[in-house]
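We have chain S already, so just place chains P and Y on it with the hints.
The residues making up each chain are set out below.
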Amino acid sequence: MPRPQPRTITFTIDGLEVQAPENSMLVDAAKHGDIEIPVFCYEPKLGNPVGACRMCLVEVEGIPKLQTGCSTPVKDGMVVHTQSERVKTAQNAVVEFLLINHPLDCPVCDKGGECPLQDITFGWGKGTSRFIEPKRHFVKPLELSPLIAIDRERCILCYRCVRFSQEVSEDYQLVLQERGAHSYVTTFDGHPYVAPFSGNIVELCPVGALTSRAYRFRARPWDIEDAGSICTLCPAQCNVSFTVRDERVVRVLARQHPDVDDGWLCDKGRFAYQAIHVEERITEPLVRDGGELRPASWERALQEAAAGLRRAGPRTAALAGGASTNEEGLLLARFMREGLHSEHLDTLAGLDPAELHRLSEPELQATVPDLEFAHTVLVIGTEPVRDIPILDLRIRKGVRRRAVKLAVATPHASSLDAGARLALRYAPGADAAFLQALAEALYGGEVEQAARAAEADAEQLRALAELLRTGGEEIVILYGQRVLAGGGAETLLKLARGLNLHGHDGAGLLAVPAGGPNGRGLLEAGFAPGYGPGLQALPSGETAALGAEGIRAALDAGELGALYLLHTDPLRSELPHEQWSAALESASTVIAHASYLTDGLRAHANVVFPAESYAEKEGTIVHPDGRLQRLRPAIGRQGATRAEWSVIAELAQLCGLDLGVPSGSAASQQLFDAVPFYAGLTLEEIGGRGVRWQERDAAAAFPAPSSGRASAQATRPIPGANGAHPPTPTPISLWDAPEVEFSPSLKFLHRERVSA
Amino acid sequence: MTEPLLFADIDEPGLNTLDVYARRGGYESLRKALTSTPEAVLHELEASGLRGRGGAGFAMGKKVSFLPKGSMDKYLVCNADESEPGTFKDRELMQKCPHMLIEGIVIASYAAGASRSFIYIRGEYQLQADMLDAALVEARNAGYVGENILGSGHSLSLVVHRGAGAYICGEETGLLDSLEGKRGNPRLKPPFPANQGLYQGPTLINNVETLSTVPTIIRIGGEKYAKLGVETSTGTKLVSVSGHVQRPGNYEIELGIPSREIIYGLAGGPPEGRQVKCWFPGGSSSPVLTAEELDVPYDFNSLAQAGTMLGSGAIIVVDDSTPILDVALKVAKFYAHESCGKCTPCREGTNWTVKVLQRIEDGQATPMDLDIMASVQEHIIGNCLCVLGDAMAMPIGSMIAKFRDEFEVHIESRQLSPVGASRALEVAGA
Amino acid sequence: MSAFEEAERELVERTAFARAGAARQVPRYDHGSRVPGWDQAADLDKDPAEIPDPDTTPVPDDLRAEIEAHMANYPDRRSATLPALAAAQRVHGWCSPEAIDQVACVMRVTPAYLASVATFYDMLETTPVGRHSVYVCTNISCSLCGADELYAAIRAAAGEDTEFNVRAFECLGACDIAPMASVDGVYVGPLSVEDVPQLLDDVRAGRPVLPDKQLARRLVADPRANSREFPLHPIEAGAAAGSVEGELERRS
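Chains as they are written, first to last, in my numbering: chain S, 11 to 766; chain P, 2 to 431; chain Y, 35 to 286.
Isolated chain S, as found in the complex:
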């Protein structure tokens, strides 16, 4: 769909000639002239303006009544007054009205100091009130959910929170009841407001009516510092701002990025910061001693780990995941290849890098905003709210606001079904078979049989094919990387070709990485079997490079001796638990970087290095759509934790390899030099907003994939001819994570999700 390309117009505001995009709302247009029009209810993220609070009344010449600046589109030649007597009277009046039923309990209010109502009262209010009737008082604060407290006295009925629940997250749990001045925000019959994105209402509230129970009374705005970084708890990589007080993260706020998160956070991203400062966190090296992991000095831990790795040498394998940065991936890959002469490195996803290479072509890459502006979005093999939550909101936005045609194809019911034109089901594990059936439907093949193989409905498949064929050429396919196994990748590429997604602006593929939040970055940094930095295929060595499944088998067979786990634990994944347990048992040395002692590490690790939390880390990561984003440390490393790039470098040193990284930024520089299509990048260029490498000239250096390259290994078995599908593990929700488990206020969610 064509995206708005507003022309610039000139209008006059308070005597100033100002240029602004045509049809932008006066409230926004005024900012181009450095003029602020006060607002409460206006929040473009929530959809169309509602004009409820009446704070933004301005005078527009030629219109007799005062107009709401939030809903009046600016036109060329418009003359606007925000300072006239009439406007001031109206502004004073609205502030006076709002304060009638507001308790003015600012001294004990969490919002005090960062409260729009305070600011606007000061800036646009009269400073006096003529209201002498008794104010109403209610019990407060009350629990609205385990995460949120509500103070109904303070509420100014701006509608933001209920609009969020109804028009953004579409959970429709938070509503207004009653009418007029009796209206109040509530849920149905005393049920708590528990939904994946509920925390956003705290940030939306322009007064202290909705507060975070985790943050309540933890700090005053003048006690805190803001530190911008990236949330690395899932592949969505939302931009966040850490609120830091005394070297502790006490809150996470959204740092709105229209091309990444649209200004929203999921509750995990908003509240899991608490797990940074918990007892369970590993903050010093652990070494297995008499069967138990016990705290040890850095020197001893490094020596033990190096000894184990040296012993195993080429018989070492490495698995990375979690929030591993590109730099960590690059350095660990170099250490493995150059120091230990091992080619066995992968993420737990165990995908064929040759296929990933072909799917990563810049011309095929869809971006996050494409989800919103496409004609058609096909979600396949992923449940966004579970795998990459913030995109769930983006898809809903496209459907709601831009009439994007949505089709969902998943093994289980999806929360997006309700808004979808088509919701298709297929058998768990039959992703590849389903893609094949879709291809048959699109290209006039034998649909019935293919549909049966996937246990999908042939009629619906035809309808989906019809939708893709005729629904407009801008098609975005959001797929879980699980669908790539068993020939799925090949079919997906075929579909992309057939639907002409290649090189078509606004169309393309978008992957939900299976290899952790930075799955894409690890691949691009060369942390993949047989592939070096920049997706450059390495010459095959004497032994084949093993992927995850190969590593497991080789460990089991005693062909590998040591395993290096960077932010990952196979026993806390969807992989077969018993087989991996046996494999870990067989390993003579297991070295791990981790923040929490998960099952696999507790049972099998020989050395555990404390991992930095995402608020402590520096480095870069890559968003699934190719945006490089920069992590900046918000707080000091906790306890004895050291920068992990330096731990890898020290280990390499102890094994006789100088990685040549004196600093974190030097590691980044090494990455930019090593990946041809990152050439010339700097941390400054990435800055606070990130940069998509596909949009830089260096993208031309993306190596052309050779189409028929035999993969290093068969990643997954192929469905049997009789239509039986291989047993597939239940996907692990990102809500089922140590960060959720260990955050005091999220514990209830963990229990709920796990039991569900």
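Be aware that one or more of the hints could be misleading.
[As the list claims (entries may be wrong)] Capping the alpha-carbon separation at 25 Å, the derived lysine-lysine pairs in PhoX-like fashion look like this:
#, chain 1, residue 1, chain 2, residue 2
1, S, K85, S, K41
2, P, K403, P, K356
3, P, K183, S, K55
4, S, K98, P, K190
5, S, K136, P, K356
6, S, K55, S, K85
7, P, K33, P, K225
8, Y, K80, S, K757
9, S, K85, P, K190
10, S, K407, P, K190
11, S, K145, P, K356
12, S, K85, S, K75
13, P, K228, P, K63
14, P, K225, P, K63
15, S, K41, S, K98
16, S, K75, P, K190
[What the hints assert, rightly or not] Looking from chain Y toward chain P, a few residues come up when the C-beta cut is under 10 Å (computed):
#, residue
17, P109
18, L119
19, H166
What the hints contain is simulated information worked out from the structure, not anything from laboratory work.
Backbone N, C-alpha and C fix where the C-beta goes; we use that ideal spot for every residue, glycine too.
Then chains P and Y, alone, in the frame of chain S:
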């Protein structure tokens, strides 16, 4: 005026049935309309000069012409949420001559190109809604509503939708939200319903009386209709007269006659021995007029010039036996109760006004409170999302302006009571 | 008495108590009073209220059929919200959480959405109320004619009778018969305090309420609207109004 148009033989037994209605020439206007083009029907409506009978008085033909042309789904909604205090004319029409409304709706939908229509009737009007439903069954069976009406190719579905008790649903955009199954909160305008109304589609919204007039206009012709009444207020109007009058009820008048003729001539004036103190010319939302203003011609423009409005055509007469404070408090409480709560000045301003009036009633006020209250009304007027806030502020403002003396006397006499005096001191000292 | 019987009796008593309380005082309609709910916190032991699961939310067949018929009337099923809630209220006596859950289940919306709508409208009851509604118009025209005294008299006469839901209502659109009331949907007026005992007795006995004072039987006040002489009201039984009722009955 010689013959009533809308009320012609309105109490004829069985007029609510299709048999009697058709025997009296019912649905002939529809036949006539369907044989001409929608443009020609629209022309008649425009020529009639008919202004909306719901309250705002917007030219009906013009409203129809605002609907975009094209093949998209268009809607016609009949506003039968008659809830302006003092108004009960639509009730009479729907109860006694439901087919006239249905006929008007079908003709208007033809002119507007609407294919779906709804009658949004207030939930309290159960009898009238039942009558409409019954009439609708007859009309459908006779082919006046439904697919390919009378072979014209024009199709229209019609559903009687019952509200559930909220004054604000009489506001056209609040009505649309309510009809969509939501809380009846008014919407921001623009976009206007003609462009984005029901289900975001182009929508024509008209009052019962307006639509019920349409068959007459088609029958006698727009130009002839326009000869009735006065230049800017054509035609006849149903006026509901209530309060302190001897013969309360609905009267069909030709617009432009002196108001005195309605209040005294038709409705018999106040009871013996009492005088008119003030009167609302167009429902409780209209600023009050005094006994000195009884000769204002009853039409849109004359009333506007007198600083008030014709509104829904509901005259409420208050005689000298009732303190103005009682009237003000009743009116203010009503609007506070009915404010939807969406916009600040209305939600807070109506409640503030009630509290001050209550304090006056309780003898705890000072004359300064009158100034504050007057200023609060000024702060409401023109600053709200819809007109509900203004609908309280205008009459209350007019009462303070026209009856300030009486308010002050009341305040002072009550203050002499011990409770009031101590409270007044407290307030003054605070 | 078995434990079950005891529990049941307690439930009945509690409900009766709640009803009596509600009949005495419906806070929302006593202008300016406190609203129930403001002081209510969420119960953190409850699950979030999502769209009810049809497998665990039984809905009476009649109610389901009626709601589905309403939904079919509109391009958007949500338009059926008001008629659906009204139907559920007829079944359950009020828009109880259970009633709302049932409507939500059929309409596939969240119960919160419905509760939000239900509390907006005066005719939808969100607390338990008496079976028979008596809405007394106390707006301007009626109160000028003595509606406040009438309301007080009806409240006093209905007293603790939990069968009645007596409420002061905003303008009911019948100022020509002021002061008036809508008794189970039937408009009667002009009423005087003397009419009150018969009004309540008629309701209790299941008779048509104050037949001579029903609005349905009145003629238009305008003398020129008819060929008959003015004043025309009230009329004799069996005339126009009678035929209206008969007509409706015949059709249904």
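Worksheet item: CA of K228 (chain P) to CA of K63 (chain P), is that 25 Å or under?
Response: Holds: K228 (chain P) and K63 (chain P) sit about 18 Å apart, inside 25 Å.
Worksheet item: Is the interface hint for L119 (chain Y) satisfied, with its Cβ closer than 10 Å to some Cβ of chain P?
Response: holds, 7 Å
Fill in: Pair hint K85 (chain S) and K75 (chain S), alpha-carbon separation not exceeding 25 Å
holds, 17 Å
Item to complete: For the pair we were handed, K75 (chain S) and K190 (chain P), check the Cα-Cα distance against 25 Å.
Response: holds, 12 Å
Worksheet item: Are the Cα positions of K85 (chain S) and K190 (chain P) separated by 25 Å at most?
Response: holds, 17 Å
Discussion item. Run the distance test for K41 (chain S) versus K98 (chain S): straight-line Cα separation, threshold 25 Å.
Written reply: Holds. K41 (chain S) to K98 (chain S) sits at ~18 Å (cutoff 25 Å).
Discussion item. Can you confirm whether the C-alpha distance between K407 (chain S) and K190 (chain P) stays at or below 25 Å?
Written reply: Holds, at roughly 23 Å.
Discussion item. Tell me if the straight-line CA distance from K55 (chain S) to K85 (chain S) falls inside 25 Å.
Written reply: Status holds; Cα separation ~22 Å.
Worksheet entry | 25 Å limit on alpha-carbon distance, applied to hinted pair K80 (chain Y) and K757 (chain S) | holds, 16 Å
Worksheet item: Is K98 (chain S) within 25 Å of K190 (chain P), Cα to Cα?
Response: Holds, at about 23 Å.
Discussion item. Check whether the Cα positions of K85 (chain S) and K41 (chain S) lie no farther apart than 25 Å.
Written reply: Distance ~15 Å between K85 (chain S) and K41 (chain S) Cα, so the pair holds.
Practice prompt. Verify the proposed pairing of K136 (chain S) with K356 (chain P), using a straight-line Cα cut of 25 Å.
Written response: With a Cα-Cα distance of about 22 Å, the restraint between K136 (chain S) and K356 (chain P) holds, given a limit of 25 Å.
In this structure, the one hint that does not hold is number 19.
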